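K.L.:
Generate coordinates for the entire structure from the input sequences, incorporating the hints supplied.
Take -12 as the starting number for the sequence shown in my numbering and just add one per residue.
Simulated from the structure, these hints should not be mistaken for laboratory data.
Keep in mind that this is a model prediction, so the values were computed, not measured.
Watch out, some of these pointers could steer you wrong.
As the list claims (entries may be wrong) - For lysine-lysine, the following PhoX-like pairs were computed, each having C-alpha atoms within a straight-line distance of at most 25 Å: (1) LYS282 with LYS(-3); (2) LYS282 with LYS272; (3) LYS4 with LYS282; (4) LYS54 with LYS190; (5) LYS244 with LYS(-3); (6) LYS244 with LYS192; (7) LYS244 with LYS272; (8) LYS(-3) with LYS190; (9) LYS4 with LYS54; (10) LYS4 with LYS272; (11) LYS244 with LYS213.
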Amino acid sequence: MVTLSPALQKHLATPLKIGHFEVNSRVLQSPLSGVTDMVFRRLVRQYAPTSMMYTEMVNATGLHYVKELPKIMEVDPNERPISIQLFDCRPDFLAEAAQRAVEEGADTVDINMGCPVNKITKNGGGSSLLRQPELAEEIVRSVVNAVDVPVTVKTRIGWTDQEINILDFASRMEAAGAKMITVHGRTRAQGYNGNARWEWIKKVKDILSIPVIANGDIFSVESAVKCLEETGADGVMCSRGTMGYPFLVGEVDHFLKTGELKPTPTAIARLHCARSHLQMLYDYKGDRGVREARKHMTWYAKSFVGAADLRGQLSLIENVQQGLDLIDRAIDRLINIPESDLAPAMDPEIAQLVAL
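P.N.:
If you want it as structure tokens, here you go:
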């Protein structure tokens, strides 16, 4: 049985205060490159209307040299609360990008100091800033001075096991003016391997006065509650657990607010969601949206009879109608199968990914 301690339940029932900005949810949708475009955020928001959403991360240097804003920076005026995430190692370019983010409607500006991908870190961005804490401080101060919305930071616990410096780093970020920090409980060297070390998030929470958001291994309501209990964090950020499962943020948010578990969506309900996702991507991006949809569709096609075959077919779709027809036929096949027979045995990794 999933339960929250009374003290934590009382704390999490209040709005999340990020500087002068309040969010009526303690569950956030993580920025995910190639995933959290406006279409995906709309799907997540259907189930979590008050949660903070994040755009895909935006390259501040690239933004400096273009006149037209990239599609990944586009936000709907009605999708509030919304944060635009930026990455770079140049304080002046980041300050300029932050101003453009606010013009686009960002309620907060988030600075990525945790991405482990080589093409980001080799240019001084993402988690490489963990090795340059003075520069990271200068970046935060520069952005804080450039905009009138709260500035936040997302980072990791360190570069390697021998370089876990999150306590000093987080303190520096707060001193520089950051109004919230999200900590992914892994080092850069870990990537997404091994377990997130939530104990470091607790240590960060113990020394900071700004909100601390826990990130890493949040694949279900149960894992979110366990993380909050172990860390005392002010909220959780859902990342990979929402890929092919945009229900997760809303499920966790509902439980934190009511103490009730929402029924798990059936395989048919997930496929209907996949269908909507595909159609929305096509409507928004045309044929490029269909190509982008392939990965999303394969994430949805898990944990039911015939999922493997459907996954292979959806990964090769060439047009929107082909994808819709495949999903419709899969739904028709599942309608007459008893729910107890819909889900075959799953390996633990897939079980976590679809948050069942």
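K.L.:
If a hint holds in the structure, say so; if it doesn't, say that too.
P.N.:
Quick rundown of the hints versus the structure:
Of the supplied pair hints, the one linking LYS282 and LYS(-3) is violated, its CA atoms being roughly 39 Å apart against a limit of 25 Å. Only pairs whose Cα atoms come within 25 Å are accepted, and LYS282 paired with LYS272 is accepted, the gap being roughly 15 Å. In summary, the hint linking LYS4 to LYS282 is not supported, as the alpha carbons are separated by about 35 Å, beyond the 25 Å threshold. For the hint linking LYS54 to LYS190, the alpha-carbon distance of about 43 Å lies beyond 25 Å, and the restraint is violated.
Restraint check: the Cα-Cα separation between LYS244 and LYS(-3) comes to about 10 Å, which is no more than 25 Å; the hinted pair holds. For the given pair, LYS244 sits about 22 Å from LYS192 by alpha-carbon distance, which is consistent with the 25 Å threshold. For the given pair, LYS244 sits about 36 Å from LYS272 by alpha-carbon distance, which is inconsistent with the 25 Å threshold. Taking the CA atoms of LYS(-3) and LYS190, the gap is about 21 Å. The hint holds against a cut of 25 Å.
This hinted pair does not check out: LYS4 and LYS54 have alpha carbons roughly 34 Å apart, beyond 25 Å. A C-alpha spacing of about 35 Å is found between LYS4 and LYS272, which places the hinted pair above 25 Å, so the restraint is violated. For the proposed pair LYS244 and LYS213, the alpha carbon gap of about 16 Å is at most 25 Å, so the pair holds.
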